[in-house]
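S.K.: With the hints as constraints, model all of the structure from the sequences given.
Residue numbers for the sequence shown follow the working numbering, beginning at 1 and rising by one.
None of these hints come from the bench; they were simulated from the model.
Be aware that one or more of the hints could be misleading.
Unchecked claim - Here are the simulated lysine to aspartate or glutamate pairs, EDC-like style, with alpha carbons at most 16 Å apart:
no.	residue 1	residue 2
1	K183	D142
2	K318	D271
3	K183	E103
4	K83	E112
5	K263	E315
6	K318	D264
7	K111	D128
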Amino acid sequence: MLKKISVLVAAVVALAGCGSNSGSTGSDPAGGAGDSITMGFSQVGAESGWRTANTKSVQESAKSAGIELKFSDAQQKQENQIKALRSFIQQKVDVIAFSPVVESGWDTVLKEAQNAKIPVILTDRAVDSKDTSLYKTFLGSDFVEEGKKAGQWLVEEYKDESGPVNIVELQGTTGSAPANDRKAGFAEVIGADPKFKIIASQTGDFTRAKGKEVMEAFLKSNPDIDVLYAHNDDMGLGAIEAIEGAGKTPGADIKIITVDAVKDGMQALADGKINYIVECSPLLGPQLMDLAKKVVAGEQVPPRVVTEETTFTQEQAKQALPSRQY
Numbered sequence: 001m002l003k004k005i006s007v008l009v010a011a012v013v014a015l016a017g018c019g020s021n022s023g024s025t026g027s028d029p030a031g032g033a034g035d036s037i038t039m040g041f042s043q044v045g046a047e048s049g050w051r052t053a054n055t056k057s058v059q060e061s062a063k064s065a066g067i068e069l070k071f072s073d074a075q076q077k078q079e080n081q082i083k084a085l086r087s088f089i090q091q092k093v094d095v096i097a098f099s100p101v102v103e104s105g106w107d108t109v110l111k112e113a114q115n116a117k118i119p120v121i122l123t124d125r126a127v128d129s130k131d132t133s134l135y136k137t138f139l140g141s142d143f144v145e146e147g148k149k150a151g152q153w154l155v156e157e158y159k160d161e162s163g164p165v166n167i168v169e170l171q172g173t174t175g176s177a178p179a180n181d182r183k184a185g186f187a188e189v190i191g192a193d194p195k196f197k198i199i200a201s202q203t204g205d206f207t208r209a210k211g212k213e214v215m216e217a218f219l220k221s222n223p224d225i226d227v228l229y230a231h232n233d234d235m236g237l238g239a240i241e242a243i244e245g246a247g248k249t250p251g252a253d254i255k256i257i258t259v260d261a262v263k264d265g266m267q268a269l270a271d272g273k274i275n276y277i278v279e280c281s282p283l284l285g286p287q288l289m290d291l292a293k294k295v296v297a298g299e300q301v302p303p304r305v306v307t308e309e310t311t312f313t314q315e316q317a318k319q320a321l322p323s324r325q326y
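M.R.: Printed below as a string of structure tokens:
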């Protein structure tokens with residue numbers, strides 16, 4: 001579990017500019033001369049290899065950008081995250097960024113930040129608020145598109161087979177944006193062909209241990225599973241243990257599609273235990289710091305910033321692994 005930390009970096013760069021409109025005093029809008037920008041950042045937790053890499057990217061990028069980072073780990077609990085945001089507001093930080101544990105229930109605390117004139121940036125995950133003025137921008141992946149990419153590979157893989165194709169699904173944390181959207185995108189694509197049947201779908205909380213536990217239950221109650229679709233690599237890796245424990249061969253007896261492309265997942269793909277991975281990059285730190293400087297300076301930023309990502313087959317994973325950063 002990550003402990004609350006504070007990274008203090010003073011940046012001394014001679015830059016001319018107008019004052020910040022963030023409600024704090026003495027901050028240079030570009031994060032250069034004068035006091036550094038202070039960012040309050042609330043992370044979901046440390047539930048996966050992806051999340052660990054995401055945290056590292058944010059912390060290292062803040063240091064490089066000369067931004068003082070006040071970091072809080074929500075341990076996958078919304079109540080912890082709301083407390084952290086209110087603490088950031090009380091501390092009068094210049095900007096707040098957070099990756100929401102779930103999509104709903106944020107309007108009250110976001111309104112408090114708005115009243116305090118503290119801009120908010122959503123990272124990695126969205127909120128479902130109808131009032132989009134409560135945050136400046138959302139930086140992250142297109143989770144619906146990720147689900148569609150997973151479905152498209154499956155449709156292509158089974159295009160010459162009559163079916164049925166029995167699929168089990170390991171969903172992410174219930175109520176979270178990636179779980180909702182990856183499920184929706186996948187279902188949209190495979191729904192066009194009735195031979196694809198999702199025979200079981202349950203949350204694995206994005207963790208390896210839960211992924212193994214739920215997959216064990218799937219295997220006991222569903223003897224004929226053709227495909228596993230896991231909303232992240234960690235759950236897929238846990239499921240592989242369960243599949244092997246049941247005497248089956250992952251990647252052959254049961255084809256596996258996952259999302260993220262962290263190193264452990266990519267290694268399993270290279271080894272043939274996973275068949276296809278849709279990338280979701282955790283390295284959002286540099287883009288986040290750039291956006292933070294702009295919103296503190298009062299500059300206009302796009303309401304949605306989508307990260308560029310790809311997909312991997314076994315051969316592509318073998319080529320990418322030696323230089324993989326996470």
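S.K.: Against this structure, judge whether each hint is valid.
M.R.: These are the hints, each one checked on the structure:
Distance restraint check for K183 and D142: the Cα-Cα separation of roughly 12 Å lies within the 16 Å cut-off, and the hinted pair is therefore satisfied. Our distance criterion of 16 Å between C-alpha atoms is met by K318 and D271, whose separation comes to about 9 Å. Pair hint K183 plus E103 holds up; C-alpha atoms about 15 Å apart against a cutoff of 16 Å. At roughly 12 Å between alpha-carbon atoms, K83 and E112 fall within 16 Å of each other, so this suggested pair holds.
Taken as a hint, the K263 and E315 pair is honoured in the structure, with Cα atoms around 15 Å apart against an allowance of 16 Å. With a C-alpha separation of about 12 Å, the suggested pairing of K318 with D264 holds against the 16 Å cut-off. For the given pair, K111 sits about 14 Å from D128 by alpha-carbon distance, which is consistent with the 16 Å threshold.
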